[in-house]
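Enquirer: Sequences and hints are given; from them, build the entire structure.
Quick note, the sequences are listed as chains A and B, same order.
Heads up: the first sequence is residues -5 to 102, going by our numbering.
Heads up: the second sequence is residues 22 to 635, going by our numbering.
Honestly, I wouldn't trust all of these hints.
What the hints assert, rightly or not - Stretch-level coverage of chain A by chain B, calculated; a stretch enters the list once three of its residues show a Cβ under 8 angstroms from a Cβ in chain B:
no.: 1; stretch: 54 to 66
no.: 2; stretch: 81 to 93
To be verified - In silico DSSO-like cross-links for lysine-lysine, where the CA-CA straight-line distance does not exceed 30 angstroms:
no.: 3; chain 1: A; residue 1: Lys98; chain 2: B; residue 2: Lys458
no.: 4; chain 1: A; residue 1: Lys71; chain 2: B; residue 2: Lys372
no.: 5; chain 1: A; residue 1: Lys30; chain 2: B; residue 2: Lys318
no.: 6; chain 1: A; residue 1: Lys98; chain 2: B; residue 2: Lys544
no.: 7; chain 1: B; residue 1: Lys94; chain 2: B; residue 2: Lys192
no.: 8; chain 1: A; residue 1: Lys71; chain 2: B; residue 2: Lys458
no.: 9; chain 1: B; residue 1: Lys63; chain 2: B; residue 2: Lys372
no.: 10; chain 1: B; residue 1: Lys616; chain 2: B; residue 2: Lys515
no.: 11; chain 1: A; residue 1: Lys53; chain 2: B; residue 2: Lys94
no.: 12; chain 1: A; residue 1: Lys98; chain 2: B; residue 2: Lys333
no.: 13; chain 1: A; residue 1: Lys71; chain 2: B; residue 2: Lys544
no.: 14; chain 1: B; residue 1: Lys607; chain 2: A; residue 2: Lys30
no.: 15; chain 1: A; residue 1: Lys98; chain 2: B; residue 2: Lys372
no.: 16; chain 1: B; residue 1: Lys70; chain 2: B; residue 2: Lys100
no.: 17; chain 1: B; residue 1: Lys463; chain 2: A; residue 2: Lys98
no.: 18; chain 1: B; residue 1: Lys488; chain 2: B; residue 2: Lys521
no.: 19; chain 1: B; residue 1: Lys192; chain 2: A; residue 2: Lys98
no.: 20; chain 1: A; residue 1: Lys71; chain 2: B; residue 2: Lys322
Stated by the list, open to error - From the derived model, a few chain B residues whose C-beta atoms are all more than 12 angstroms from chain A:
no.: 21; residue: Ser149
no.: 22; residue: Asp310
no.: 23; residue: Gly409
Hints in this document: simulated from the structure, not taken from any laboratory.
Remember, predicted model here, so these are calculated numbers, not experimental data.
C-beta atoms are modelled at their ideal positions from N, C-alpha and C, and glycine is treated no differently.
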Amino acid sequence: MIDFGYSLTPSSTIEIDDADMSLFDELCAVEPDAIKCMSCGSCAASCTAGVFTDLNLRKVLLGLQRGCEEDVLPQLKSCMLCGKCHIVCPRGINTRHLILSICKIYNI
Amino acid sequence: MMRERFISGYDHFVLPFMVGMIFVLLWCIIGVIKIMVQLERKDRIKVYKSLVNPVIMGKNVRDWFGDCLFHVKLWRRNKVLGYMHSSIAFGWFMLIVIGHIETFLYIPERGGLFYYPIFFRYFMAVESTTLKGSLLFFLMDFFLLVVLSGIILAIIKRFRSKLMGMRRTTKLTLLDRVGLYSLWAIFPLRLIAEGFTAGVGGGSFLTVPVNWLFASILSKPENFTIAWWAYSIALGTFMIVLPYTRYMHIPAEFFLIPLKNAGIKVRRPRKGYALAELYSCPSCGVCLDACPMSVDKAGLKNTTVYYIRQVKRRNQPRALAIADKCLMCGKCSVLCPINISAIDLRLALRKQQPYNIEHDFSYLDKIPNEALTSAISVGGEKVLYYSGCMSSLTPMVSQSVQKVLTTAGIDFTLMDEQGTICCGRPLLLSGRTEEAKALIEKNEQIIKESGAPILLVSCAICYRIFKEDYDLNGVQVMHYTEYFEQLAAEGVIKLRKQEKLKYVYHDPCELGRGCGIYEAPRKALARVANLVPAAKERKESICCGGSLGSLTLTHEERGRITENSIRNLTANSPDRIVTACPLCMKTFSRQSEIKVVDFAQVIAENLVEKEKEE
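Expert: In structure tokens, the structure reads:
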């Protein structure tokens, strides 16, 4: 490859039509809260583990909604279940149980 | 003097009783063996050792009489219920004991027969009266009367439970009803049967008048065998259904007490010690009124009595749903007449659930311990202050604690200024004991490395796990309520009292019922304002609804629990609600119309600064 001094950014297009959303639908059936999220990021801002790792529940949910679970699920491994995200969530989402259900359904 | 009426010493009517008796005995023996086998080896050895330990055996005897026969705990709570239970339990016990004494005194060769002491009056005839004989007869009638009075109360309670101070009672199963009705029938039938025979077999102030009554209205009072058949059938029915009803608690509790006193804990959801607890539940329904979830009628089915019922039925999905819903506030256990470890039972079930996540806490090891802490050197006693992860949501708590420490001139180090590692209690409460160990180990390292003799904690949740599950090599763990009260009592800090203000103190579940700290915060608060009591407080305090214990309660359900808890706190119209747990504070302040403040804030606000004093 000739080095032109610049490169092409790989496309970040997400083909929602091609994504397999069956697991997400399954998640929504047990956790109707999963679609309540408005991605405000309060959870990520208050996250105890987020100080040390890249854990970001907002991003995890966005990723799941868009069918790119492989990119986001490993983040959940560092969650300490402390529940601060639950306390701050303006939508009253039971985030701890949501995380447990994600783990159960996506089997990470 | 007495003589035997029948040479055989036997009549067919004893059969129902004997069948029931032998069935129950076998059931209990098999049950005891099953439980002992299911116990872990070290637990089993502990039980055997406890049986030869005079101190523990003394405790066992005390509890057997106090709990099983006299129901002392119930007496303390509710006199009528106490009388009802102890009259039936102790009265029945005495009937059996005196029945045996009679048999051994008058016809010792029949002592080996189960039924003889029970149906003594049928088989024996009075020849002449002696003082000893009439005393025994009097006692038998007396205790029969005692039991009958208890039965009458029990019948009233079934139809009008409010008269007995219980708002709700448990919904009985079909077999429970069979057991209940046969229990009600046993003693009136005994009175009738003994009344019929009182003319021959003798009697006292209760049975003799019944005999006269029968003689005056019935043409052939000699045909009394049918009454004895009825009595025996009632006894037999009760004992046959016993293992499948709540009445199994009667024999089970006798066995549970030595296990409990030996210090055995629940390890598995329905095996070993847990099984003994499950069968010891009398379904009395005290937990119904105790449970914070009962504010919703739908929440009633999530109480401990129904949890136990579902586990006994092996209804795994329902049991798990209840276990996950529980706030783990522990109120039901504290009020339970036999102190069933409701939290441990549920936790054991939670622990069994697969987590489907491979936890990776390796990032913790990469954080250098000093990176989180920051020392503020003032001189004096060295204290390590852990504000807990919740303090980032309630910075006022941490700031107030620091203000008090600075004013007191105490040398302290902040353990988690640059980021907190969770104490591990939330993971533990979710049944993830192994995962929690990673967090516990890291925190232990930081604490031990600091070299501080005192670990000060401002979160009730963290405090509990530090006390119970951390190995800190003798570092003293202190909750800030204890520590500040100690400082104030020693005169290290001076507080001014605002005479006009009325405060109410909320006992956080983890601090009060969890660690038994009720007095220190109250004493300290009484130094700064007037404390008014809540409607229910101390060990009966109502969970704020924010508890991390529950995994599945919805936002709305939690809201209603919080509302009820606030109503309870504001019964005496206080100016402020004071709590000593950041989670309670967060939860209350969302819904309370009255200002909710943390204990540390109140103390910090009312500090008398030393310079001003001079």
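Enquirer: Run the C-beta distances from Ser149/B to all of chain A and say if the shortest one exceeds 12 angstroms.
Expert: 77 angstroms, holds
Enquirer: Given the hint that Lys53/A pairs with Lys94/B, test it: the Cα-Cα distance must not exceed 30 angstroms.
Expert: Roughly 53 angstroms between the alpha carbons, so the hint for Lys53/A and Lys94/B is violated.
Enquirer: For the pair supplied as a hint, Lys98/A and Lys458/B, confirm whether the alpha-carbon distance does not exceed 30 angstroms.
Expert: 22 angstroms, holds
Enquirer: Please settle this one: Asp310/B was flagged as non-interface, so is its CB more than 12 angstroms from every CB on chain A?
Expert: 26 angstroms, holds
Enquirer: For Lys488/B and Lys521/B, compute the direct alpha-carbon distance and say whether it is at most 30 angstroms.
Expert: 37 angstroms, violated
Enquirer: Hey, Lys70/B versus Lys100/B, does the alpha-carbon distance stay inside 30 angstroms?
Expert: Judged against 30 angstroms, a Cα distance of about 37 angstroms means the pair is violated.
Enquirer: Is Lys98/A within 30 angstroms of Lys544/B, Cα to Cα?
Expert: This hinted pair is violated, its Cα atoms lying about 47 angstroms apart.
Enquirer: Taking only the CA atoms, is the gap from Lys463/B to Lys98/A under or equal to 30 angstroms?
Expert: Roughly 27 angstroms between the alpha carbons, so the hint for Lys463/B and Lys98/A holds.
Enquirer: Is it true that the CA of Lys71/A sits at most 30 angstroms from the CA of Lys544/B?
Expert: 44 angstroms, violated
Enquirer: Under the criterion that the straight-line Cα-Cα distance not exceed 30 angstroms, is the pair Lys616/B, Lys515/B satisfied?
Expert: 24 angstroms, holds
Enquirer: Is Lys607/B close enough to Lys30/A, meaning Cα to Cα at most 30 angstroms?
Expert: 22 angstroms, holds
Enquirer: Please verify whether Lys71/A and Lys372/B have alpha carbons no more than 30 angstroms apart.
Expert: 18 angstroms, holds
Violated hints, in rising order: 1, 6, 11, 13, 16, 18, 19, 20 and 23; the structure is consistent with all others.
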